[in-house]
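Participant: Below, each chain spelled out in residue letters.
Number of protein chains: 2
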Amino acid sequence: MYFCSMIKIVILGAGNVATHLFKAFNKSDKLSVNQWYNRNIKSLQSFKNEVDICDDLALLKAADIYILAVSDDAVQELSQALPFENKLVAHTSGSVNIHDLDKKHRRAVFYPLQTFSKNVEMDFKNVPFCIEALEKNDLSLLKTLADSIGSPSQKINTEQRQTLHLAAVFVNNFTNQLYRIGHEISDVKNVNFDILKPLILETAKKVQTVSPFNAQTGPAKRRDKKTIKKHLKLLESDLHKDIYKLLTESIQKTHGRKKL
Amino acid sequence: MYFCSMIKIVILGAGNVATHLFKAFNKSDKLSVNQWYNRNIKSLQSFKNEVDICDDLALLKAADIYILAVSDDAVQELSQALPFENKLVAHTSGSVNIHDLDKKHRRAVFYPLQTFSKNVEMDFKNVPFCIEALEKNDLSLLKTLADSIGSPSQKINTEQRQTLHLAAVFVNNFTNQLYRIGHEISDVKNVNFDILKPLILETAKKVQTVSPFNAQTGPAKRRDKKTIKKHLKLLESDLHKDIYKLLTESIQKTHGRKKL
Numbered sequence: 319m320y321f322c323s324m325i326k327i328v329i330l331g332a333g334n335v336a337t338h339l340f341k342a343f344n345k346s347d348k349l350s351v352n353q354w355y356n357r358n359i360k361s362l363q364s365f366k367n368e369v370d371i372c373d374d375l376a377l378l379k380a381a382d383i384y385i386l387a388v389s390d391d392a393v394q395e396l397s398q399a400l401p402f403e404n405k406l407v408a409h410t411s412g413s414v415n416i417h418d419l420d421k422k423h424r425r426a427v428f429y430p431l432q433t434f435s436k437n438v439e440m441d442f443k444n445v446p447f448c449i450e451a452l453e454k455n456d457l458s459l460l461k462t463l464a465d466s467i468g469s470p471s472q473k474i475n476t477e478q479r480q481t482l483h484l485a486a487v488f489v490n491n492f493t494n495q496l497y498r499i500g501h502e503i504s505d506v507k508n509v510n511f512d513i514l515k516p517l518i519l520e521t522a523k524k525v526q527t528v529s530p531f532n533a534q535t536g537p538a539k540r541r542d543k544k545t546i547k548k549h550l551k552l553l554e555s556d557l558h559k560d561i562y563k564l565l566t567e568s569i570q571k572t573h574g575r576k577k578l
Numbered sequence: 319m320y321f322c323s324m325i326k327i328v329i330l331g332a333g334n335v336a337t338h339l340f341k342a343f344n345k346s347d348k349l350s351v352n353q354w355y356n357r358n359i360k361s362l363q364s365f366k367n368e369v370d371i372c373d374d375l376a377l378l379k380a381a382d383i384y385i386l387a388v389s390d391d392a393v394q395e396l397s398q399a400l401p402f403e404n405k406l407v408a409h410t411s412g413s414v415n416i417h418d419l420d421k422k423h424r425r426a427v428f429y430p431l432q433t434f435s436k437n438v439e440m441d442f443k444n445v446p447f448c449i450e451a452l453e454k455n456d457l458s459l460l461k462t463l464a465d466s467i468g469s470p471s472q473k474i475n476t477e478q479r480q481t482l483h484l485a486a487v488f489v490n491n492f493t494n495q496l497y498r499i500g501h502e503i504s505d506v507k508n509v510n511f512d513i514l515k516p517l518i519l520e521t522a523k524k525v526q527t528v529s530p531f532n533a534q535t536g537p538a539k540r541r542d543k544k545t546i547k548k549h550l551k552l553l554e555s556d557l558h559k560d561i562y563k564l565l566t567e568s569i570q571k572t573h574g575r576k577k578l
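Taken in sequence, the protein lines are chains X and U.
Per our numbering, residue 319 is the first one in the first sequence, and the count goes up by one each step.
Per our numbering, residue 319 is the first one in the second sequence, and the count goes up by one each step.
What the hints contain is simulated information worked out from the structure, not anything from laboratory work.
A quick note: this is a predicted structure, and the numbers were derived from the prediction, not measured.
Worth double-checking, as some hints may not be accurate.
Identical chains blur together in the list; that is why a pair holds if it fits in one copy or across any two.
Cut-off 20 Å, straight-line C-alpha distance, at most; resulting in silico cross-link-like pairs (EDC-like, lysine to aspartate or glutamate) [what the hints assert, rightly or not]:
1. Lys-345 with Asp-370
2. Lys-548 with Asp-391
3. Lys-507 with Asp-370
4. Lys-571 with Asp-560
5. Lys-405 with Asp-420
Build the full structure now, drawing on both the sequences and the hints.
Facilitator: Shown next as structure tokens:
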């Protein structure tokens, strides 16, 4: 059934994920966004010519799937407040348990494992979706949904998803903070951060084909005490020194034992 | 003079940097690699049909520039051992002082700020060179050399270069270790690391146009104590917990004060 007619969608929420999903869904001729709800309708005003916008749960239209793209804390309450039951309701959070959705619904998760920027267009072929549902048919609808916007998808349970969300903090937020530290320390010596950008990109590209284990190089891995000492001396911030020491220790622990 | 005839080069050393430089130089019709020296000639055997190879310093040919692409520890000694003077001699190290080269030479630095893999071809337009020389003419030869292989170059003094080398450890080695941790923790839950790759790439792409300060998101920045607590509970390794805490602290310090 899902495969021979357009999938009708209602989006709830107006943040980054909701907006990027709306744009992607809206482009697909296999999908129809029937309505876009937000508690505060102002955030949706600029889309009113493209979709039916709404701020009243009582006026929600019929749809094949309701996507709650709201903050983690709001998922449970919003799912309880929905004035219907037995419909497919999916949240988009990396860390919220599927069972936190009200059990009157057919519960599901549609979590995009990617970082979205407000004003940067996202190519959805680079957005892998972690999908989870309690019923098999619902899982295949989620898969079709991802397919329709060109995204890969993978069945991932709540425990795995929470781990991926944690891993994402390491490879995205923490990595970005290392870029920031690179920015801070080059700034002190009046060096433009731009010169580090090709290296940043190459480091990320390398692990697309080589494991991070095999990609590692540098003073920590080769236990080059002289350079490590020099670097620690150069660092002015105690926090940066601590980060340097701890990540050096981590690299040496990884490379002091057998590879994974 | 440099601009109307081919620049004649002798490369010394047979590591990753030397090999990538040889390949790039060899492609350019503005450059001529007259000779490639290594202490152990075996490492150069596979190139003997492309270039004159040599393991005897006494037999070094005349050239416009001698490039010492050897390990940091070997730079000084090798520069002393060269049986000539008043020639342009450049090392390729991020951390060695220009004055560590023997003062009988016209000393210089030609440091590629990039990570090279043994078997991965490098596009040299993505390799910015930090160039340094004691004489103006030598600096312009270094610039021409970079231009000839399509690389950007920037005049960077020793202190700045050492800081960039340190920054590179953060954005390359330490970042790669965060990828490794992402790999380790997803492995434990039987999730394929591949699903994190698009996020890794997007994180690096984002800071090509947005500052790391403005690119930051996530639980640390928004001081989401609930998620942070959840993540710390999920982490099994004490070292990973410590890294999580320290980088969270660093993000909060960065975003608790005025932006750079």
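Participant: For every hint, state whether the structure bears it out.
Facilitator: Going through the hints against the structure:
1. Proximity of Lys-345 and Asp-370 under a CA criterion of 20 Å is satisfied intra-copy only: 16 Å inside one chain copy versus 59 Å between copies.
2. With identical chains, the CA atoms of Lys-548 and Asp-391 are at most 20 Å apart between copies only, with a shortest distance of 14 Å across copies and 46 Å within one.
3. Proximity of Lys-507 and Asp-370 under a CA criterion of 20 Å is satisfied in neither setting, with 53 Å inside one chain copy and 41 Å between copies.
4. For the homomeric pair Lys-571 and Asp-560, the shortest alpha-carbon distances inside one copy (16 Å) and between copies (14 Å) are both at most 20 Å.
5. For a Cα distance limit of 20 Å, the shortest separation of Lys-405 from Asp-420 inside one copy, 11 Å, qualifies, whereas the shortest one across copies, 78 Å, does not.
Taken one by one, the earlier hints fail for this structure only at number 3.
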